[in-house]
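Each chain is listed here by its residues.
2 protein chains.
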Amino acid sequence: MGMSARLSNMSTQGRYCLFQDYSTMQTKRKAGELMRRYEEKELQQEMELVEKYLSEYLRDPGYGGAVGNILRDMENSKGKRLRPRLLLMASRYGKDLDPAVRERLCRLGALVELVHMASLIHDDIVDDAPLRRGLPTTQSKYGKDMAVYAGDLILSRIVQSLFRDGFYQVGALFGDAVESMCLGELGQMECRGRDDVTVEQYLRNIYGKTAALCRLACLAGAVESGCSEEVQAQLEQLGINFGYMFQIRDDLLDFISDTEEEGKLTQMDFREGILTLPVLYAMQDQQARKRITGLLQAAREGAFGADQARDLKTIVAASGGLAKAAADMEMYAERALQAIETLPDHGVSAVFRELLQAKCKVSAAG
Amino acid sequence: MGMSARLSNMSTQGRYCLFQDYSTMQTKRKAGELMRRYEEKELQQEMELVEKYLSEYLRDPGYGGAVGNILRDMENSKGKRLRPRLLLMASRYGKDLDPAVRERLCRLGALVELVHMASLIHDDIVDDAPLRRGLPTTQSKYGKDMAVYAGDLILSRIVQSLFRDGFYQVGALFGDAVESMCLGELGQMECRGRDDVTVEQYLRNIYGKTAALCRLACLAGAVESGCSEEVQAQLEQLGINFGYMFQIRDDLLDFISDTEEEGKLTQMDFREGILTLPVLYAMQDQQARKRITGLLQAAREGAFGADQARDLKTIVAASGGLAKAAADMEMYAERALQAIETLPDHGVSAVFRELLQAKCKVSAAG
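Going down the list, the protein sequences come from chains A and B. Under my numbering, think of the first position of the first sequence as 57, with each following residue one higher. Under my numbering, think of the first position of the second sequence as 57, with each following residue one higher.
Hints are computed from structural coordinates only; laboratory data are not their basis. Errors might be hidden in some of the hints.
Any copy will do: because identical chains look the same in the list, a pair fits if it lies in one copy or spans two.
Pairs of lysine to aspartate or glutamate, EDC-like flavour, derived with a Cα cap of 20 Å [stated by the list, open to error]:
1. K197 x D367
2. K136 x D201
3. K136 x D367
4. K200 x D251
5. K151 x E95
6. K197 x E246
7. K134 x E107
8. K200 x D183
Remember, it's a predicted structure, so these values are computed and weren't measured experimentally.
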């Protein structure tokens with residue numbers, strides 16, 4: 057059974073449906089849909105407040121020069137705002153919250169997004185990336201030097217707010233997430249260009265690159281909304297597994313997309329000497345390994361063109377690397393789903409399931 | 057009257073000395089000297105604890121690869137530890153503190169030093185510096201990419217400790233200092249290569265580059281040790297003015313030293329297109345301005361050698377730029393002294409005066 061089938065199955069199968077007649081089930085389903093829509097609308101409103109806080113955090117320090125421009129660019133580079141959304145969704149499982157607390161949660165959502173922004177700026181320096189979401193990166197537009205400090209400036213604003221707004225319970229978690237993110241990126245850099253990278257190293261690196269911040273989003277939302285420790289732990293697992301799934305999907309997309317979807321060239325990772333999950337699985341086959349090592353050498357020498365890309369895709373698909381990576385992605389999605397199912401019943405669960413379903417999709421061309 | 061004369065004068069002239077006979081004065085002076093020695097010894101012991109905490113913060117995350125090496129290098133790059141020293145000295149004006157609180161202050165001192173370390177790593181990326189204190193910089197040894205994340209990793213450890221160790225009162229001040237430091241560096245980058253920089257812009261930049269962190273050290277020490285708000289404000293002023301003095305001295309040394317003292321080539325700032333205070337004052341003379349602009353053009357074109365350096369020094373000295381900058385340095389030292397004199401009487405005041413005296417010295421060769 058494929059992921060989508062399993063997902064749509066789970067979302068209509070309650071634990072009690074065996075004991076319920078059809079019409080009760082239908083009523084429940086309708087009620088569930090209404091709840092989902094209600095939660096979506098609430099989330100939408102809160103996300104607008106997140107945007108307001110983001111603008112506030114990215115305010116021009118009035119120092120003249122490029123600083124203000126950099127921050128304005130960041131404000132305008134509309135991302136998917138996935139991490140604040142995760143945080144707000146997780147917070148729904150908390151106590152019934154008064155408007156003041158909900159506003160605090162929106163502020164916290166903006167802070168999680170700022171961590172993401174700062175990391176993108178510093179990542180783009182390292183990747184020498186000219187574009188991000190179709191717009192010039194900070195480093196390409198203003199220079200690496202400016203980008204180093206622009207990222208640091210955003211980090212400093214996060215710290216100021218965490219203390220001034222009294223986020224004492226979750227502040228250290230922000231520090232943990234940033235440490236993990238650094239280690240993930242440093243780990244990836246260590247692995248770059250090497251052909252002896254293991255699946256374990258890959259997973260450790262993507263934990264830092266992506267899962268750690270999704271964990272922070274869900275856990276901070278849970279803690280700050282007063283969830284029980286048990287619910288906190290479930291939401292933490294949800295965040296971690298969502299993060300793994302999300303990064304494997306991203307790596308699959310980079311590997312298989314033929315177009316410049318997501319603002320990237322296809323197989324950019326491989327061109328840069330980074331071996332992602334489909335390739336790593338393929339390399340467990342000795343025959344495939346030999347040919348892939350040759351292609352990696354070509355990439356090192358700048359001799360990796362359209363022909364090589366096609367070859368690589370064929371080798372990786374034939375040796376089952378693509379299928380294995382997709383299966384892992386589905387496994388993490390399943391784990392995230394399991395975390396949702398053990399959470400207290402809430403309208404937002406349907407929104408979570410829908411998000412998982414949407415993010416787990418890979419329109420494979422290969 | 058020169059700075060040294062004024063300083064030694066002030067340190068022996070109490071407000072009451074006019075009403076005291078000579079022998080009382082002598083006894084007081086002896087007692088003062090004993091107090092100073094006592095404070096020095098106490099500080100020495102506490103600085104050892106700062107080192108212990110620094111090692112703890114720079115622990116290897118056990119992630120393999122270069123990460124651990126980078127942190128080990130940082131631990132071994134023994135700096136002057138000026139900022140934790142300032143913090144501990146400022147904390148002496150607080151309540152009589154039990155050993156547990158003194159240990160907390162040492163921890164806080166280590167955190168202030170870590171901010172300094174992280175900023176040096178990121179500054180060296182921007183400056184493309186091969187050496188720092190005679191040792192290879194992180195970026196030259198491990199690459200700019202590693203250096204970006206090594207700096208971020210240290211910042212993340214600071215945030216973790218500020219929350220986990222409950223430094224809620226001073227945490228936001230750390231954020232403020234990092235923001236100021238970023239703005240100072242960004243501001244300096246904006247000014248680089250330009251010949252229309254004003255003294256005001258220069259002062260604003262060195263506030264961020266240096267004074268903001270000295271302010272943090274003194275203010276955090278004052279707050280965490282329970283100083284009254286009035287004493288906090290005086291210590292804050294002491295830190296700010298000490299910082300201005302310290303940076304102007306650094307810039308003077310860069311300008312006049314003939315040797316590679318402080319691990320730098322002479323007039324490195326000018327070679328990199330950065331106009332410091334002596335040059336800015338010299339440029340207020342139209343004749344000198346014209347010649348300096350020509351030399352700046354030579355620096356831009358990489359045609360700034362020993363002859364140009366000698367010319368620049370002659371022009372700046374003749375137009376009074378050196379003297380004016382030195383006078384400003386003394387003015388900030390004097391302001392710092394004034395802050396000390398308004399503080400409650402304490403043995404550490406003599407240590408502060410001595411530090412000011414030591415740091416205000418510029419052995420001018422030009």
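Cross-check of the supplied hints:
In this homomeric assembly, K197 and D367 never come within 20 Å of each other (Cα to Cα): the closest approach is 35 Å inside a single copy and 37 Å across copies. Taking the closest pair of Cα atoms, K136 and D201 never come within 20 Å of each other, the shortest separation being 27 Å inside a single copy and 26 Å across copies. Neither within a single protomer nor between protomers do K136 and D367 lie at most 20 Å apart by alpha-carbon distance, with minima of 33 Å and 57 Å respectively. For the homomeric pair K200 and D251, neither the shortest alpha-carbon distance inside one copy (29 Å) nor that between copies (23 Å) is at most 20 Å.
For the homomeric pair K151 and E95, the shortest alpha-carbon distance inside one copy (15 Å) is at most 20 Å, but the shortest distance between copies (53 Å) is not. In this assembly of identical chains, K197 and E246 lie within 20 Å of each other by CA distance solely across copies; the values are 14 Å between and 27 Å within a copy. For the identical chains of this complex, K134 and E107 are intra-copy neighbours only, at 10 Å inside a copy versus 44 Å across copies, given an alpha-carbon limit of 20 Å. In the homo-oligomer, the alpha carbons of K200 and D183 lie at most 20 Å apart both inside one protomer (11 Å) and across protomers (11 Å), since each shortest distance falls under that limit.
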